[in-house]
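A.B. asks: The lines below spell out each chain.
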Amino acid sequence: MQTENHLIRKASLEKLFNNLVGNGKTVFAPKAKGKMVLFEKVQTFEEITEDYIVTTNSAKSVVFPRTEKVFSYKKTKESTEITDASNNTFPDVVLWGTRPCDAAAFIPLNNTFNEEYPDIIYNKRSQKVLVLSFSCSKCDSYCFCTSVNGGPGNTTGSDILFTKLSTGDYLAEVITNKGKQLVTENSSLFDAKPEESKEQNLALVTAYFNQEEIQAKLQNLFENPVWDEKARACLGCGSCAYVCPVCSCFDIQDEAHGSKGTRLRCWDSCGFGLFTLHTSGHNPRETQGARWRQRILHKFLYMPNKTKVAGCVGCGRCSRSCPADINILETVMSL
Amino acid sequence: MTEFEPKIVAFVCNWCTYAGADLTGTSRIKYAQNVKIIRFPCTGRIDFMLLLKSFGEGADGIIVSGCHPNDCHYTSGNFHARRRWIMFRGLLDMLGIDVRRIQYSWVSAAEGAKWADIVNTTVTAIRELGPYTDYAKVAGYLEKEANV
Amino acid sequence: MKELIQKAASLLESNAVQVVIGYGKGSVDRTRAIFITNAADCEQLIFDSRCIQNLAVYLTKAEIKKLGKPAIVASIPVLRSILQLAAENQIKDNDIVILGVTPESELVEFESLAAIETYLSTKQIAIEEKYRATIETIKAMPVSERFAYWVKELELCFKCYACRSACPLCYCTRCTVENNQPQWISVASHPLGNLEWHIMRAMHLAGRCTDCEACYNACPMGIPINLLTKSMLQDVNDNFGTYGPSLNRDNTLSSFKPDDKESFIR
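Sequence lines, in order, name chains A, C and S.
Under the working numbering, the residue at position 242 of the first sequence is numbered 242, and the numbers go up by one with no gaps.
Positions in the second sequence are counted from 1; adding 335 to them yields the working numbering.
Positions in the third sequence are counted from 1; adding 483 to them yields the working numbering.
Everything labelled a hint here was simulated from the structure, so no lab data went into it.
All C-beta atoms in this analysis are idealised placements derived from N, C-alpha and C, irrespective of residue type, glycine included.
Hints may be right or wrong, so weigh each one.
Heads up, incomplete: computed chain C residues facing chain S, CB under 8 Å, no partners named [as the list claims (entries may be wrong)]:
| id | residue |
| --- | --- |
| 1 | Phe339 |
| 2 | Leu358 |
| 3 | Arg363 |
| 4 | Ile364 |
| 5 | Phe383 |
| 6 | Asp433 |
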């Protein structure tokens, strides 16, 4: 679909939000909590904050929750009843306030969950998500979206992208049919496209490296001692993987209670020592350096090799949240 | 409407309280039937998580009982247990897990009557407190939620 | 500061140590742990109020130990952790060289672990008033309300185990949660799993925690788990008087007194 541009006035934006909530949609938006800004369910427009570069946590939990039921079972004398979560219907969810990097992250996520085999639960959730992103008027030195084929006004993955203009009103770029439907349903709130350009309202994000060049370099760096050195301070927790909008590794856990039980899918991290530990006791990624190498190679080499899209959107959340201040941009630039 | 009958789990040591409970029986002392007794070699062996797991599986109250200090069959198991209970109780209290629902006691092999008394008073107290719905809700959410 | 840099450099030059663990410049406004193996690089060492990461966590890591004998820049929280690790036989005299730093960035040298204990005896752990007040407020809530408060606070936890990874005293090569026969603590981050994990963590640290707040600082979701560790510290002090690490005393929960007092055992 060809992108359509509209203007939406500040007051109309609030009305749009209220219409969504009024129609029974679950809306996730950035909400301040102490020093952090988190994606949370919101009911009123006032709860939403605009004061963030990126939220602390990512929006991926609407399609890939940190813990979700895969199926549950109940055994009786005669049979076993299985309740399969892939038969569920999932609610409509609106993501309000994702950044272009967050929206772009849905592309590699979609790829992962449809590689060779469509993940039914993921796809069902994903179809019900409406992504209303807001472009970035500011960035900081953790951001590097422009180095990974992204940008502060990038529309990839969004249904509508809003850009705040100098007047306080917003340019609304309608990217997908889903987005178009929302505009049609709320046509009174949208005006003809504004004169003011989008570009002058976007942050300037320095391009620190070139994704394709890094990809080429990484082909030959497997045996390089740089990984042990860079990962020395790494504590091996799961912070980076969990706040990342693209990371999708999971663990399957069965929780049984007598004759009933549930199979759960939970987030996992390749940074954990246990991640590749074999039952024999052998661990192919024995050192933290090997695990850090895996993280970088997976995001910047293996994923783009397979799908043409890198596994990193340059949001910088991992570096921001790392308790040991391991900085992914620094590592990649040092290669 | 049937009156609420509490489910009580008792963690007891083999040498004192279990023997004491046995004496209660052989003395033909009647006492409340709400208790399921789990026998341990010593109170020192009781992992604090076992108490939490009991609440998670639907217990409304817990009894933890062993040998009197200085009488432990293994000399010092109950001393270690006592310290552990002090810390655990403090932590549970801080978290809002109802410590009134856990009764700790020293019951020796000769104290058949005391065992009956402990059980009866605990059952009465829990009956008054009602079922432990707060914890059950947290432990049982998986029955309802599709995702967390 | 210069003294610290010179001392670190000379230790490396003379090969008295093979690595210096200290703080260096990090991203933006942060500092981070650095591992210096060349004397010339000691210039990178800094120390200021931003240096809150507890470096003692690296002393028990296999990959760091492989580098050789370390010298470690140790602020007071780090010194306490080192002392506790020594009390638990994880470090012995001569395993490491300690480069103590005062809050004014001045170097304090210690010839032995016992010397650290002497130094710390005038710098006891003290729970700040604001935390005491918060703990009191929570404890004053009725039980149901208190429980709801914690279930809500712990809701943000997604089991990244940053708290465990950052704690210098969580050095078990295989944590309880990493065993699956049985899977004692749920892996999943649901209300029960979160509660069980934090209870277990607080209990396994009871009497050992030195109030460095590395756990709270590491948590990416800002969960106030330091309230739990501080409340435990208070309990240890109130009940056993054994606040703080010591080489002359067994761990609080590994030892006992025949006349330990309590009010709740019938």
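A.B. asks: Could you tell me which of the hints above the structure violates, numbers in ascending order?
C.D. replies: As far as the earlier hints go, 1, 2, 3 and 4 are violated by this structure, in ascending order.
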